[in-house]
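Novice: Chain D is fixed; fit chain C onto it per the hints.
For reference, the chains in residue letters:
Protein chains: 2
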Amino acid sequence: MNKCEFMARAIDLAKKGKLKTQPNPMVGCVIVKNNKVVGEGWHKEYGKDHAEINAIKDCKKKFGAKKAIKLIAGADMYVNLEPCSIEKNTPPCANTLIKYNIKRLFCGTLDPNPKINGRGIKSLNNAGIETNVGLLKDECKELNRVFFVNQKKSRPYIILKSAQSIDGKIALKNGNSKWISNPGSRRNSHHLRSRVKGILVGRKTAEEDNPSLTIRLSKKELNLNKGDSIKQPVKIILGNLKKSKKVNKIFSKNSKVIIGSRMLAKNVSGIEYIKYDDKNFLEEFMKDLYEKDISSILVEGGQKTINAFIANNLFDELVLYTAPTFLGKESIQTLGLRAPKSMKHLKRLKMAKVEIFNDDIKTTYFNGKI
Amino acid sequence: MNKCEFMARAIDLAKKGKLKTQPNPMVGCVIVKNNKVVGEGWHKEYGKDHAEINAIKDCKKKFGAKKAIKLIAGADMYVNLEPCSIEKNTPPCANTLIKYNIKRLFCGTLDPNPKINGRGIKSLNNAGIETNVGLLKDECKELNRVFFVNQKKSRPYIILKSAQSIDGKIALKNGNSKWISNPGSRRNSHHLRSRVKGILVGRKTAEEDNPSLTIRLSKKELNLNKGDSIKQPVKIILGNLKKSKKVNKIFSKNSKVIIGSRMLAKNVSGIEYIKYDDKNFLEEFMKDLYEKDISSILVEGGQKTINAFIANNLFDELVLYTAPTFLGKESIQTLGLRAPKSMKHLKRLKMAKVEIFNDDIKTTYFNGKI
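Chains as they are written, first to last, in UniProt numbering: chain D, 1 to 370; chain C, 1 to 370.
If you are wondering where the hints come from, they were derived from the structure by calculation, not from laboratory data.
Treat the hints with care, as some may be off.
Since the list gives no way to pick out one identical chain from another, each pair is judged satisfied if it fits inside one copy or across any two copies.
[Unchecked claim] No more than 25 Å apart at the CA atoms, straight line, and that leaves these computed lysine-lysine pairs for DSS-like:
#, residue 1, residue 2
1, Lys329, Lys344
2, Lys173, Lys329
3, Lys173, Lys304
4, Lys122, Lys16
5, Lys173, Lys344
6, Lys304, Lys329
7, Lys341, Lys329
8, Lys341, Lys20
9, Lys153, Lys287
10, Lys3, Lys99
11, Lys279, Lys329
12, Lys18, Lys287
13, Lys60, Lys99
14, Lys219, Lys48
15, Lys249, Lys103
16, Lys253, Lys16
17, Lys344, Lys178
18, Lys347, Lys178
19, Lys137, Lys369
20, Lys287, Lys353
21, Lys61, Lys292
22, Lys204, Lys329
Okay, chain D solo, but in the shape it has when bound:
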């Protein structure tokens, strides 16, 4: 195996922590001695051991503590993200690598966290450990898009999602949209929900559609173990929704609900109101959500809400499920943005992925570089 292959293995290991590490990044680690893997690990869950520590533990488990220490000394280590230099829930990994006397560290990218950014590498260098930053850089960044956006923008990673017809409509004029997309698409949208810490809808959608905003998939479908619990995302509403019968599904038992609006906050148990003075409080709202550890949100509509996020350039991913049908000119458009001045002023997204669910097409676009 060559260097790229070892790093690719680290990325694969990192992915095993999918959905469990937020707000932490997914990290995988491979220890290599004489071109052979002697230890592998990944960050399994927020608050638990980091990948580097798990790889060392794995080596000890395989070879016994004594031999492991000998193997790790002088070994190469591959990790997709810079080892941390600070103590939060666990001791700084950089110190551990120095203690175990590894020879070289290959890492995909620096940690974008301003408190670390380069400091992990620096302390390794100071201890005489050779470092190489940038191996499979794009793949390593891609893996942790959520974490990179969090660290660089101090706001949640924002995914906008809509189901629409070929002619770009989300509902008939009377608001009816059941169902544009097929069961396969709708099922997939629950997987989308499982990727985030919060689901946001506009006040009108919450009132008119009466959505549950829950993940309705089995543990098996979510690739969870029996012992794991399904962590339902926080429900977030943009605008002054009043607790009423109409919206009972959102307020079902054990739900955590956050409402951001310009109206006076009310004291209702289970609902947190955040009041804003500015008319356009979207950016502020996002920062506040992030401070409440909501590192990622899925915005599910309606049209005005999705447009507000795009118009404010507050989104990282746009996901569209397009069904092979026409809703016509009188129906409600998915997007109703202001037109650019000329063709030279077009904003372009990056097409990230296309998936097919029978006759529906799911397209995922990225907005901007990370």
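Specialist: Frame of chain D, contents of chain C only:
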């Protein structure tokens, strides 16, 4: 090899005639004796020998005439379409198969041409040849969508094509659309042109965009041999376009132009006017084009023209190139159809294919079964 594999081989052979057989279907033929292929052929070009005859010739070439006759007698023959029973440019194939005394014929589908439809099979049966119809039926129909539509509907196969933004717009309010899609998409759209006998645009598009409506690809890109010539599609205009400087590209030398409109026909060399009395003459126009051997057309816009085809359910394929950008609510919609009465009345297309050109997505939908 089993029966399905022999038929799949016949389909593969048929595809070698791609773009060359219209208005004839693509047909491939495999002759099998003792589970071994002893002859293969396909219909190479309109007016030339049919696939069955070429397979017999191939057998003779490989084994010599005398041995070939012995091999074909008692052999199985696989062909994607029913052998013809009529004489047009060539003698009826069914008679030849009887003459050569094949034992069994496997064909994918009957010939939809009302003059043949079952008659080829009947004459083989009458001569004591065993027949089997329906092997890989769907694939065989799929292969010849154009031909099936021609025969069943007596009109050209109609492909609607548009390039649009994510929010389903084709141009800014001022009509500017250069360029929504990327060079890869635009290049691919020339391949789309190479699939058809005619390219149709509305009067307004012809006047405002001044398009050439030609295939601008090399012979190599079109998979043509050096000796082949690129057959430029006929240019078709819907509505009363007058010959003027503005539209000079359409009237470039050697172009064949057909105009269908309600206005009085004019006598201009190189232009054929067809005059209609009815306001909605689209269906009649299509039948007239078909009678002029235009077995397939590509409709390239603008919005009103594409909508007219969809509203009249006169289309077999819808091709959309979607670029990862937004043109905004003030811009011109790709589609402006009348909304259905309710969600129960939605017309649904079949998603046929998704292709990717950098960040552009090309989606191909089929309308209705063939």
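Novice: Looking back at the numbered hints, which does the structure fail to meet, lowest number first?
Specialist: 4, 8, 15, 16, 20, 21
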